[in-house]
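Here the protein sequences line up with chains A and B, keeping their order. Under the numbering used here, residue 302 is the last one in the first sequence; the count climbs by one each step, no gaps. Under the numbering used here, residue 264 is the last one in the second sequence; the count climbs by one each step, no gaps.
Among the hints, erroneous ones may be present.
[Said to hold, decoys possible] Counterexamples of contact, computed for chain B against chain A with all Cβ distances above 10 angstroms: (1) E3; (2) P34; (3) K37; (4) Y125.
[As the list claims (entries may be wrong)] Partial pick of chain A residues on the chain B-facing surface, computed with a CB cut under 7 angstroms: (5) E50; (6) M53; (7) A55; (8) R89; (9) H91; (10) E118; (11) N122; (12) P128; (13) E132; (14) Y160; (15) D162; (16) I163; (17) V231; (18) L233; (19) C285.
Hint data in this document are derived by calculation from the structure and do not stem from the laboratory. Quantities reported herein were computed from a predicted structural model and do not represent experimental measurements. Note that CB positions come from ideal geometry on N, CA and C, so glycine has one too.
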Amino acid sequence: MTHVQASHRPAPMRAMSPVPAAAGIGLKPQHYLEILENLPALGWFEVHAENYMGAGGPPHRYLTAIREHYPLSLHGVGLSLGSAGPLDRAHALRLRDLVDRYEPGLVSEHLAWTRHGETHFNDLLPVPLTMEALDVMTAHVAEMQDILGRQILVENPSVYTDIRDAEMSESEFLIALTRRSGCGLLIDVNNVYVSCVNRGDDAQDWLAAIPAELVGEIHLAGHATEMVENVSLLIDDHGSAVAAAVFDLYRDFMDDIGVRPTLIEWDTDVPALDVLLTEAARAQCCIDRIKGLDAVMGAPHG
Amino acid sequence: MAEALAGFQAAFAAALSGRGPIPAALSAKLGSPPVAKRFDVYRNNVHASLINALEAAFPAVERLVGREFFRAAARVYLEGGLPVQGTLIGYGEGFADFLDGFEPVRGLPYLGDVARLELLWLEAYHAADAAVLTAEVFSIIAPDRLAVARPVLHPSLRSLASAYPVVEIWRTNREDETVKPVRLDAGGEALLLLRPDAEVRLYRLPPGGLAFVKALQAGATFGAAADELSGAADFELAGLLKNLIAWGAFAALDLESFIVSRKQ
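Using the sequences and the hints given, assemble the complete structure.
Given below as C-alpha cells:
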C-alpha cells in the first residue's frame, strides 16, 4: 500500500525494517532517555542525518538503542541535491555510512540547495523550476541512489519567493524528477501550504496534481505568520503544533491517495515528548479512520 | 554545465553573504510582500540557524558575556565566513581565535580558552568509540618491553594548556545556578579530556604531563616520551602513567612485533 512505484528507472531496493504507514516523530536528544525507558507506542522515528555524522559517542549509542525498538527514517538536510556544481562526494559517503549502520526504512532529501562552492548555508534554498535545474537534480538524485544502492524520497521545500522564467510548476518538476530518476516523493503538507500562501497558489490544486503511487512519506509541522505591509508571509519554523488548515489538507490528501508514514516535525522550541506524542496521535487517528473506511469499503487505495 | 543555474546560485550566495544585491531573478505577485522581504527570510534563516548552532556549542562563553552580546558577536564572526561542510558537528573551529582578537571582549582574556575547551569537549563527545586498555593488560607487560611500546591513544583524547583556571570558569558557568567567583590569579593549567564511555571527563595534568602526552600523540614510545622530560624534576612518570591508564587514555599498545588491544 505504501509501495513507491518507479516508472522508468527503478532504483535497487533493499528492504530493511520498513517504516509503516503510521505516525512518527522527529527524534530529539532531550527525549532519548524517556523513550528508552517508556518505549511509547509510536510507529517510527526520523532523524536528521547530519546530526549523526560524528564518528561515535552518545548520539550513536542512543540511536542504536532506539533503532532496536523502532523503524527509522533518515532525513538529510545538507546534501544540496540542487547545486549546479558536483554532488558533495564526502557528504554523500557520510550519508552512505549512516544508511549502512542503521538500515533505515526510508531515506530522504530535498528539492533544494544548501551549498555554493565551499560554503554551506545551512538552509534549504530555492531551485529555479527549469529544465536545466531538472537535469541537475536528476543527475544528483541518480548518483545518490547509486551510492546508497537504494531509492530516496525527495521533499518539496518551503518557498518564500518565485523565481523568474519557470518552465514548469513545482509539482510538475517533482513528478518529472521521479520519472527520470526513479526516486519517490516526500510530501510536506505544511511546506505545500506555506509555499502556496506565500506564492499566491492553491494548495489543494498543488496536492491534487501528485500521483498517489509516487508518495512514500508525509511531513507535518507548524509554521509562523509574519505580517508584511498587512499581508501575511508564512515562515516554516517547525516551532508549534500543526495548523488546522494544514491538518485539513493532510486529511483530504490521505483520503485521496491512501495512508502513508506521517511525521510530526518540531525542531524549534522542542516541547516535552508527551506533546509530540499527542500531535502524532492526531495523525494516527486520521490514518486509523481511513484504514477503517478502506476495510469497510473494500480498499479503494489498494 | 548548468550555466543559468550556476549564475543564479552565485548571485543568491553573494546576496546571502552581503556581497551582492538581491538576485534579479526573484519575483513576487503584485500586492504581495515585496521580494526584499522574501529574501530576508532566507538571509535570516541562514544567520539565525548558524548563530543558534554556535549558541548550542558554546554555552559557557554565552553565559559569560550574556545572550544578547553573544548573538551579536556570533553575527560578526559569521561575517568572516560560513561553514564549509554539510554537517555542523565540529562547527565553530575558528570561534576561539576570533574571540581572542575581538576588541569588545579584551577585558575577558580567558574567553578564548573557555571557547577552546567547549570545542574540545564536543570533539571528545563525538569522537570514535574504542575499548580502553585496563591496568590488568599493562600489569602483564614487563617494564623493559613497555619502555619500547608505542601506545595508541583513545580517539576521544584531547588536551589543552591555558594561562587561566579555565576548568573552574567553564564548570561554574556550565553547571551552577549562581556562578561562583573564580580567582584569575590562581594560575594556568594543563588539561586532558577523555570520553572512554558515555561521559566526557576532564583531568588536570601535573607539570610535564602535557609534554609527555603530546610526545605519545606524536608517536613516541613510552621510553622516548619519558626521556624528553628528564629535565623536569617534579615529573613523576609512574604516578602519571597510572593515572592515564585509569582515566582510559590508551586504546591499544604497539609492542614492536604485535599489537595488544581489547576486542570491542
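Here is what the structure says about each hint:
1. E3: Since the minimum Cβ distance to chain A is about 8 angstroms, B/E3 lies within 10 angstroms and the statement is violated.
2. P34: Incorrect as stated: the minimum Cβ-Cβ distance to chain A is 8 angstroms, not above 10 angstroms.
3. K37: B/K37 not clear of chain A: closest Cβ-Cβ about 5 angstroms, inside 10 angstroms.
4. Y125: Incorrect as stated: the minimum Cβ-Cβ distance to chain A is 5 angstroms, not above 10 angstroms.
5. E50: Since the shortest Cβ distance to chain B is 4 angstroms, the answer is holds.
6. M53: 4 angstroms, holds
7. A55: It holds, given that the least Cβ distance between A/A55 and chain B is near 4 angstroms, below 7 angstroms.
8. R89: With Cβ-Cβ at 11 angstroms, over 7 angstroms, it is violated.
9. H91: 4 angstroms, holds
10. E118: 5 angstroms, holds
11. N122: Because about 5 angstroms separates A/N122 from the closest Cβ in chain B, which is inside the 7 angstroms limit, the hint holds.
12. P128: Constraint on A/P128 satisfied, holds at 6 angstroms.
13. E132: At 5 angstroms from the nearest chain B Cβ, A/E132 passes the 7 angstroms test, so the hint holds.
14. Y160: With a closest approach of 5 angstroms, the A/Y160 hint holds.
15. D162: 5 angstroms, holds
16. I163: 5 angstroms, holds
17. V231: 5 angstroms, holds
18. L233: 5 angstroms, holds
19. C285: Violated - the Cβ of A/C285 stays beyond 7 angstroms from chain B, reaching only about 32 angstroms at its closest.
Checked against the numbered hints given earlier, the structure breaks hints 1, 2, 3, 4, 8 and 19 and satisfies all the rest.
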